[in-house]
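Peer 1: Given next are the chains, with one letter for each unit.
Protein chains: 2
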Amino acid sequence: MESLSNMRCVACRKDAPPATEAEIVELHPQVSEWEIVEQGGIKKLRRVFRFDDFAEALAFTNALGELAEEQGHHPTLLTEWGRTTVTWWTHKIKGLHRNDFVMAAKTDDLSRRP
Amino acid sequence: MESLSNMRCVACRKDAPPATEAEIVELHPQVSEWEIVEQGGIKKLRRVFRFDDFAEALAFTNALGELAEEQGHHPTLLTEWGRTTVTWWTHKIKGLHRNDFVMAAKTDDLSRRP
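The listed protein sequences correspond, in order, to chains E and R.
If you're matching positions, the first sequence starts at 1 in the numbering used here and goes up one per residue.
If you're matching positions, the second sequence starts at 1 in the numbering used here and goes up one per residue.
Hints listed in this document are in silico derivations from the structure and should not be mistaken for laboratory results.
Keep in mind that a hint or two might mislead.
Which copy is meant is left open, so a pair is good if it fits within one copy or across any two.
[Unchecked claim] In silico lysine to aspartate or glutamate, EDC-like type, Cα no more than 16 Å apart, as pairs:
#1 K92 x E80
#2 K44 x E80
#3 K43 x E21
#4 K94 x E38
#5 K92 x D15
#6 K44 x E33
#7 K94 x E21
None of these values were measured; they are calculated from a predicted model.
With the hints as constraints, model all of the structure from the sequences given.
Peer 2: Right under this line is the structure:
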């Protein structure tokens, strides 16, 4: 199976199918440090990345913002002193799409870059 | 009275007095677009700034991050497509200090810059 982080986000329309439970069970182990949370009935992927100070957290927010722009899919990024909390989901389908797992894997890759 | 946005943040220690109710009543009208919210018993100042897309929201996050670094006082910044939600409070005193009102006023100033 191709690794998630090598995949590209696909265009996602309102009628795109959300990830099924079976897909989630298949995909989640590839991004196992992400928690699946539910907010207002919407499933989301969330991970906290820790840093030494505010500037480092903001630098990560920017690097991820650039990646999001490239892929045309955007997370929410909570930047604070020493950490950035990243949340991925797909607004259009009010839930998780395969794209969100792809982006979570790419975010993990980014966090490992020196 | 000197306007809040011209003041500078002062160093804040654990034993610094939080803003009193009387001070909050005095200061809040100067930053009237900020909501006073309470999270886990901690009073905070919060305002949502709206933008045309993700890139503009991220640019505002960065401009505010730079100001925060200059002043040595840091907010939480929730960046998402079309908006940045800014929250100010003082971790050390688990509540609102005059500094937070100063920073809210400076944030308003920043948002009005062309």
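Peer 1: Does each hint fit the structure? Answer for all of them.
Peer 2: Status of the hints after comparison with the structure:
1. K92 x E80: between (28 Å within a copy, 15 Å between copies)
2. K44 x E80: Result: close only across copies, 14 Å inter versus 20 Å intra.
3. K43 x E21: within (11 Å within a copy, 39 Å between copies)
4. K94 x E38: Within. Shortest intra-copy distance 11 Å satisfies the 16 Å Cα cut-off; inter-copy 28 Å does not.
5. K92 x D15: Intra 8 Å, inter 48 Å, cutoff 16 Å: intra-copy only.
6. K44 x E33: within (13 Å within a copy, 30 Å between copies)
7. K94 x E21: within (15 Å within a copy, 41 Å between copies)
Every hint from the earlier list agrees with this structure, and none is contradicted.
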